[in-house]
Amino acid sequence: MATYPLAFLLIIISILFYQYLVWPLGIFSLILLKMITESDQIMENNILWDTGLIFHKNKIEWIILVLIIWWLIIPALFMPYMGFNYIVLALALIIIVIISYKIMINLLGYWSLKPYHDVFSNTICDYTQSKAALQSLLEKNPEDIMAWAALTVPLSGLKEYDELNRAQNKALQGKLKTWPLIKKLQMSYFYSLLAISHENLKEYDLAQDYVDKALEYDDTGAMPLNLKGYILLKQQKIEEGAEYINKAFKLHVSQKELQLSKAYLFGKEGNYKRSHQIMDYILAHHPEYPYVYLRKGELLLEEGKLDEAKVYLNKFKMICPQDAELQEVVDKYAYRLDSN
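For the sequence shown, our numbering assigns the number 3 to the initial residue and increments by one for each residue that follows.
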């Protein structure tokens, strides 16, 4: 109960001494934001993992941004009587411009790629449906080069090689229409799609070539970083893959796809506790996401917990009967499954 009087006391102090606290607390908030955004030590801190706060890193960043606005920007813009000079005002304006620019770029990127994101999110692991949805987009606009690149993903999953070759040629020979401010993001997404299609066929060298092109355009994007790391893990290049998976996870920790890749990495590194922790979090918050059932079942097989593993693998099979990766897992652990 002593917490409440203390909180009220801090609020009163904050109000009474606002003009003396804004400078140090504003600068402290800037430093804290930088630490949380960039620090590998903070990202791997056991306390954050054990409390589950690791999955709320993006929300913590937003809270700190609000504190920066409260302690630095508002006083600099609207309270000049507090003794703020032009240097502090310039700092506040720079922060506003940077935040506004990032928000604008994210919004533009979201809307430009939304039709393709929607196809894959609505037809996840159902290649037949995603193929039909993308063909529908192309009927409306046969010159949609991004749609041709996206179409290579379900076609490679369905092993429809003639149509796949046609889609690849259309994508690579056409001219992708880009917007100046988000050209790098669009080009990165384009090459990532082509990389996924080759990864589906286990053509890892070609997949690496395309994902490297994607990273040339956007080396902080969640999709190419995650894809690069995943391809390396599939080739048992654990240390190399970890570099990319960890970077993607640090920058985009709230995305379930990156959370699952981090869990997959932990499993490869033998840290089953952390791997299960992440997957249990995904199951609690995104039970509709099918690939968590595959990875959970695979990890349980690795631990020799066959009965539990079958529950998750059967769940995945019900949702994604076309996915070839299930058969890979079954073949890998066939000796254990047969002996049970």
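Careful: at least some of the hints might be erroneous.
Have a look at the derived ranges for each label pair, beta carbon to beta carbon [to be verified]: (1) GLU218 x TRP181: 11 to 21 Å; (2) LYS116 x ASP211: 51 to 61 Å; (3) ASN171 x MET106: 19 to 29 Å.
List of simulated lysine to aspartate or glutamate pairs, EDC-like, C-alpha gap at most 16 Å [claimed, not checked]: (4) LYS186 x ASP221; (5) LYS334 x GLU290; (6) LYS249 x ASP282; (7) LYS172 x GLU145; (8) LYS319 x ASP128; (9) LYS312 x GLU330; (10) LYS161 x ASP120; (11) LYS317 x GLU145; (12) LYS275 x GLU242; (13) LYS312 x GLU271; (14) LYS270 x ASP221; (15) LYS236 x GLU327; (16) LYS275 x GLU241; (17) LYS270 x GLU241; (18) LYS270 x GLU242; (19) LYS236 x ASP282; (20) LYS317 x GLU271; (21) LYS204 x ASP325; (22) LYS179 x GLU145; (23) LYS204 x GLU330; (24) LYS249 x ASP221; (25) LYS239 x GLU218; (26) LYS186 x ASP207.
No wet-lab data here; the hints were simulated from the structure. Keep in mind that this is a model prediction, so the values were computed, not measured. Just so you know, even glycine gets a beta-carbon here, dropped at the ideal spot from N, CA and C.
Evaluation of the provided hints:
1. GLU218 x TRP181: 11 to 21 Å: 18 Å, holds
2. LYS116 x ASP211: 51 to 61 Å: 27 Å Cβ-Cβ, so the 51 to 61 Å window is violated.
3. ASN171 x MET106: 19 to 29 Å: Roughly 35 Å apart at Cβ, these two residues miss the hinted range, so it is violated.
4. LYS186 x ASP221: 10 Å, holds
5. LYS334 x GLU290: 26 Å, violated
6. LYS249 x ASP282: 22 Å, violated
7. LYS172 x GLU145: Distance of about 9 Å is within 16 Å: holds.
8. LYS319 x ASP128: 12 Å, holds
9. LYS312 x GLU330: OK: LYS312 and GLU330 at ~14 Å, within 16 Å.
10. LYS161 x ASP120: 23 Å, violated
11. LYS317 x GLU145: Cα-Cα ~39 Å, so violated.
12. LYS275 x GLU242: 22 Å, violated
13. LYS312 x GLU271: Violated, at roughly 23 Å.
14. LYS270 x ASP221: 24 Å, violated
15. LYS236 x GLU327: Satisfied, since the Cα-Cα distance of roughly 11 Å is no more than 16 Å.
16. LYS275 x GLU241: Distance ~19 Å between LYS275 and GLU241 Cα, so the pair is violated.
17. LYS270 x GLU241: 10 Å, holds
18. LYS270 x GLU242: 12 Å, holds
19. LYS236 x ASP282: Distance of about 23 Å is beyond 16 Å: violated.
20. LYS317 x GLU271: 25 Å, violated
21. LYS204 x ASP325: Status holds; Cα separation ~14 Å.
22. LYS179 x GLU145: The given pair, whose Cα atoms are some 9 Å apart, holds under the 16 Å limit.
23. LYS204 x GLU330: Holds. LYS204 to GLU330 sits at ~12 Å (cutoff 16 Å).
24. LYS249 x ASP221: 10 Å, holds
25. LYS239 x GLU218: Judged against 16 Å, a Cα distance of about 21 Å means the pair is violated.
26. LYS186 x ASP207: 23 Å, violated
This entry does not satisfy hints 2, 3, 5, 6, 10, 11, 12, 13, 14, 16, 19, 20, 25 and 26, going by the numbered hints stated previously.
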